[in-house]
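Chains as they are written, first to last, in numbering that gives the first Met the number 0: chain E, 0 to 761; chain D, 0 to 503; chain G, 0 to 187.
Hints are computed from structural coordinates only; laboratory data are not their basis.
For each residue, glycine too, the CB sits at the ideal point set by N, CA and C.
Where hints are given, some of them may not hold.
[Unchecked claim] Derived DEER-like restraints, expressed as beta-carbon distance ranges:
| # | chain 1 | residue 1 | chain 2 | residue 2 | range |
| --- | --- | --- | --- | --- | --- |
| 1 | G | Leu167 | D | Tyr488 | 42 to 50 Å |
| 2 | E | Ile568 | D | Glu462 | 52 to 60 Å |
| 3 | D | Glu462 | E | Lys168 | 46 to 54 Å |
| 4 | G | Phe54 | D | Val30 | 33 to 41 Å |
| 5 | D | Trp452 | E | Phe596 | 21 to 29 Å |
| 6 | D | Glu382 | E | Ile548 | 32 to 40 Å |
| 7 | D | Pro431 | E | Gly565 | 54 to 62 Å |
| 8 | E | His715 | D | Ala396 | 45 to 53 Å |
| 9 | D | Pro431 | G | Ala99 | 31 to 39 Å |
| 10 | D | Glu457 | E | Ile568 | 25 to 33 Å |
| 11 | E | Phe596 | D | Tyr488 | 39 to 47 Å |
| 12 | D | Gly63 | E | Ile548 | 44 to 52 Å |
| 13 | D | Gly193 | E | Val75 | 50 to 58 Å |
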Amino acid sequence: MDNFFDLVPLVVMIPLVGLLINLFAGRQLGERGVSIVAVGASGMSFVIAVLLWIAQVNTGYEAAVIDMPILSDWIVIPSANVTIPWAFRVDTLSVTMMLVVTGVGTLIHIYAVGYMHGDERFPRFFVYMNLFLVFMLILVTGNNFLMMFVGWEGVGLCSYLLIGFWFDKPGGVGWKNSDAARKALIVNRVGDFGLVLGVLITFWTFGTLDYYREGEAPIAHHAATDAEAPLFAPTLPGEEETHAVSGPLGVFNQAELWLEEGGHQVNFGMVSLSFETTLTVITLLFLLGVTGKSAQIPLFVWLPDAMAGPTPVSALIHAATMVTAGVYMMVRANVFYHAAEFSSFVVAVIGATTALVAGFIAVGQWDIKRVLAYSTVSQLGFMVAAVGVGAYAAAMFHLVTHACFKALLFLASGSVIHGMEHGHHHVSHGHSGHHDDDFDPQDMRFMGGLKERMPVTYWTYLFGTLALAGIIPFAGFWSKDEILLDSLKTGVDKGLLSGYVGFVLLVVAAAFTAFYMWRQVSLVFLGKPRHAAAAHAEESSRLMTWPLIVLAVLSLLIGFINVPSGFPILGWLLGEHQFTSFLEHSVTYAHAGTFSFLLATFAVLLALGAIYLARSVYSDRVLATLREDPLAINPRTQRAFALSSAKLYWDEFYFKYLIYPYRNAAYWLAEQLDWRFWHDYVHERLLRDPFNAATRALSGRVDKQVIDHSFDGLGHATRRIASRLRRIQTGYVHIYTMSVLFGALLVMILILLPLIRDWLGL
Amino acid sequence: MSGVPSLSDLNLAATLPVSFLALYACLLMIVDLFVPRTRKHITAGLTMLGLGIALVLALLPLAGAARFGDGERAFGGMYIADSFSDGVNVIVLITALLGVMVAYNYLDRIQRQRGEYYSLLLFTTLGVMMMGAAGDLVVVFVALELLSIPLYILSGFRRPQEASEESALKYFILGAFASGFLVYGIALIYGATGVTDFEGIWAAVEEIVAEDASSKYLLLVGAGLLLVGLGFKVAAVPFHMWTPDVYQGAPTSVVAYMSVAAKVGGFAALVRVLGSGMVNFALDGGLVAAWQDTVWLIAALTMILGNFVAIVQSDLKRLLAYSSIAHAGYMLIGVAAAGSAPVADEAARAVIMYLMAYAFTNVGAFAVVIAVERDDASNTGLESMRGLAVKQPLLAASMAIFMFSLTGIPLTAGFIGKWFVFKAAIAADLIPVAVVGVLTSLISAFYYLRIVWYMYFESGESEAHVPVPLAWAISIAAVGTLLLGIFPYLLSDMTHKITLAFGP
Amino acid sequence: MELTAESIVFLIMSAITLGGGLLVVSARNLFHAGLYLMVSLLGVAGLFVLLSAPFLAGVQVVVYIGAIAILIILAIMLTPSVTQLPAIFNRQWAFNLALAAFFFVLLVSVVSPIMGELGVDAWNADFTQKNPADVPADSIVNLGKDLVDPDKYMLPFEVASVLLMAALIGAVLLVSPDKAKADEGGED
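Throw the hints in and build the complete structure from the sequences for me.
Now the structure itself:
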């Protein structure tokens, strides 16, 4: 079974092949061909992920490091003794991520086939989507921080390309789209800067970037067995393997060893820091990267705007996979975070605060996707906070469940938008005089009563909502409950402040979650249609509803993979904390949560209470005559709602104190340096004119004649060669006999090459 | 040694699957005389019974459940009963079982329902089994003839029809020609080493290499001629020309069987002779066997030519003929990899796994061709697959599985076979040929998937009929293809005991 | 170059073999070619005698000359239209010649280096076994024993018998009239 780990490069290569096919032959293939290639590539990646998973199970969860055959020496600087191989890591953590990325990715690809139907840049869309898969899978399968960084940057690029996918939409929308894309890119640069620095310091400290070397087992001492167990067991399991590896250890085991020794100093030229301090610096820098990619305070502002992209993109990149990369990275680096207590505290506070703030803002939004976007930010806050309180398994668990139900919610919202657009189309064609330029298919004020018009979407949406709100037995209940319980336990058992802070903030955030989700369900689906478009909305095509149904079922069932220990009946029926046990093989400090009946009841009652509250605020009577949000009218909640609606003036704050000053400086530089010197002189005189001439020649000759025809030409050439070969096949026995003789001659010459070489004296 | 040979000297028990089947085949031939012409299903049933028993006898030692006889050698080392021969036995017996299933209705339809068909099938199966178990070049030659001659006759089984007779004659003449090369090769090897048994050859080669004796060239030529003779059997380029003509002309049920069985025999012998007997034949202080370059070049040629010419075929049987040429190329990669001594065992395993996967897939694909073929052997064009998915969804789905497997798409047996072969090639540092293999696999997708396209995306009136034993064969083949693809460890567990090495 | 009696016999036998072969390919009458083939095979039988292998020589005469060559001649007589060939050379003669020459050179070049090892390095070499005691007096008996000795060639022998049976069935099948067709014809 070990052999099947060697499949892992295929996980990346297959989408790569898919995107290349679509890139070069997208136009020839047509919509159907493109979708078959793209969905097929994604699906095959999923199949391989499943195979890897099976292999993991069969080999007793041993991690494997697989070199890419061609790129095995990716970066080698012999003089500095630097070797960074392009190596894949198959362990339970990466397999989990592969399954999520490719599984949810495939469903979304299928959905996107329906959603993007008729778009003029259909092939390009799927090229980007597959490209995203490639980078995301590099990110999660790499065995060193540099590969993670490559993937990290790559997914950022895809995110940028896809947010701005409709950059040319008329009516000002296009501008907004490309602005949103740029905003995402720029904000993420800030985070990436932190990540780069973190990776560089890691390299400086350890001399390598590998997580673990090949054949090296994590030095494991599970906190799960005993929270108070000594951190370092006297004899390390997997010691034999560790010693079998020559050369330096991977970063995590090296860190463990240095921590155990104590007193290791890291020399940074003039300053020398203790190893613990270095780890704190590294983890804080990583955290900066996380706040960018996973949209945490203070860098979360890009994510809500990123919803300008097509809905499948929002679901895949900005809800299910890319934004969870930060969480994945911190779980991967759990050894660092476990050791760096201060960083963990910061992580917990940032995560919990983000969860609460985003939950609060979500209440005041009208755009259906924007609500979900803030909800995503909030849920990512949950995960980050879980990492902060040391509940790495819970964080990953929530990542998995969230990927399912949030993808579901986004896709369902896409279906709603599709339905609304369809309805609007119907209406404006039906009554030629009827015009309303204010109409926005994403604005919930125009919706209502879609329950009857779009039953599949409604029911699946309901499943997603209940899962997100944390109602038992939906997936969200299990994962959220585990995070809450873990934070509380961290506070009580270990006496850490982060636990208490996290717990209180997260409980409130959970209440907000249930509230804004039910508000959304009420506004969109319940009551009566408030606009003609809603009244004429139609259910989406089956290509779009099938993924919804699959995801809805997953949202219901996926939580059962990690039933907490001590849960009556289910724990016995399905096995206790299966998922955590699975992860423990690669996440050193993963530990299982026990079940607290009291807390679970409290959380469910809180969610139900919030839903009840939302139901009473947005009652049918209110919905029928909705002009303003009831919370905005009520004097007691007026100000809070305004604050929420204005997103806490976060963007404005950035504009006033960061962007304008920065821009003024930039203007000056641009005016003097760029325009006068660079543009006028260097660019135009020295570069532009010769370049223009070259381009004209290239575009005329090369592009049109060579590139365009090359693909057709390849096909023709293949056929021509083939038919020429066929002509040799005549059917006459003596010619065949001759060919056998010829062949024998060939074989003789080939096999006697050494002799012939001797003769010729070579 | 006592002058009087006794049965216990023979270690006859070790040859149980083969000796049982040989006896059974002879008995069946006599029993068949008493089976009336209208009730040949009795003969067919008895054939399947015998094959089934032999299959069980072959599976038992492979699964480690039982071991027959005393040690691996029988008949003074002429017969080797190890995991490799067990693997070969299992593959060819499964193929033969499927072959009988696909043949029964077909023979009825072409009105050639005769008991000899089944006897000949059993004899040729015996030949393949002997090739897998051969411990001596003389046995290889005799077994090869036992494998070939019934196949020549079976190719002409549809006798009044000209195409069938012509194909039999072509196959016979060219086959005899190739056998000549084989015998010549054996003679030269004997001349160079003074022995014909593999272990003796191995020891002699060791000596020749150590002394750098001048007989090394004689040995090389011998190996080359052997390669010609066996290369013909497995349809390797440039000895492949007979394949399309014979496959097209011969009765489809025969082709279904022989496209796999002849390959199993040929590759078993190639792996035995080259990978086991001459694996240490490294010249000039090299680490890999001197014949390796030749084999991998032939493999590359075979893959390239087979796949390219398959693209333009418009007849299903011809297309599958070229496809089988191409697949011979992939298996030859495994043989070539066996030329690096450290990889030899892995390569032998890879070849066995590939053959296993190929057996299910290819017999299945030909069985589908039988289903769409008309009684007068027409309607085997590609267009006969049009609209099959509408008329016969299960048949089309099976065909799609076979095509995916032949292409080597994951979750099918074909992928696993290719995977292991390429892996062995990479382990043997034959990266260029592995690359050629991957690229040609991509090309092969073009014509395999075109069939799938025809079945699912084009409308047409297909006229497939799937009577009972044929339906069994197709479903067994499809299930086998999927099963081996989804649970690859079935294959790897089956073969993990295979070792070929002689000496220390 | 010293000629012994053996080498003279050898040269004569070789001449018969090669000359016969040359005549086979150059005769325009196929019937004649068949006869020349018998001459050539006879030369080979003589070589076997020279090598102290009388049994093989006998087999050569009985099987090749007595059976195979006669069969060929019969076949030629049954197909009179191709008896007379229009030309000695066909279109591929040059290529075939080159091919044959290549194989000849090949064989000489791979066999000649080991001649020394075999103790055969000059024309005056003794073509018979050096020591007559080495020659098994009853080689036919040994051959017969070896064929059924389980440690020697029993297995190939058995397999060959099965093979012959299969070939027999095939032969019967190929020449037997298609009864199924005839039966149906009768019923119609």
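Cross-check of the supplied hints:
Leu167 of chain G and Tyr488 of chain D have their C-beta atoms about 45 Å apart, which keeps the hinted 42 to 50 Å range intact. A C-beta distance of roughly 57 Å is found between Ile568 of chain E and Glu462 of chain D, which places it inside the suggested range of 52 to 60 Å. At roughly 52 Å, the beta carbons of Glu462 of chain D and Lys168 of chain E sit within the given window of 46 to 54 Å. At about 39 Å, the beta-carbon gap between Phe54 of chain G and Val30 of chain D stays in the expected band of 33 to 41 Å.
A beta carbon spacing of about 58 Å between Trp452 of chain D and Phe596 of chain E contradicts the range 21 to 29 Å that was offered as a hint. Between Glu382 of chain D and Ile548 of chain E the C-beta distance comes to about 38 Å, which sits within the given range of 32 to 40 Å. For the hinted restraint 54 to 62 Å between Pro431 of chain D and Gly565 of chain E, the CB-CB distance of approximately 59 Å keeps it satisfied. Take His715 of chain E and Ala396 of chain D: their Cβ atoms lie about 33 Å apart, and the range 45 to 53 Å is violated.
Hint check: Pro431 of chain D to Ala99 of chain G, Cβ distance near 34 Å, so the stated range 31 to 39 Å holds. In this structure the hint that Glu457 of chain D and Ile568 of chain E lie 25 to 33 Å apart at CB is violated, the actual value being about 54 Å. Hint check: Phe596 of chain E to Tyr488 of chain D, Cβ distance near 42 Å, so the stated range 39 to 47 Å holds. As the Cβ distance of Gly63 of chain D to Ile548 of chain E is approximately 46 Å, the hint placing it in 44 to 52 Å holds.
Taken as a hint, the range 50 to 58 Å holds for the pair Gly193 of chain D and Val75 of chain E, whose Cβ atoms sit roughly 51 Å apart.
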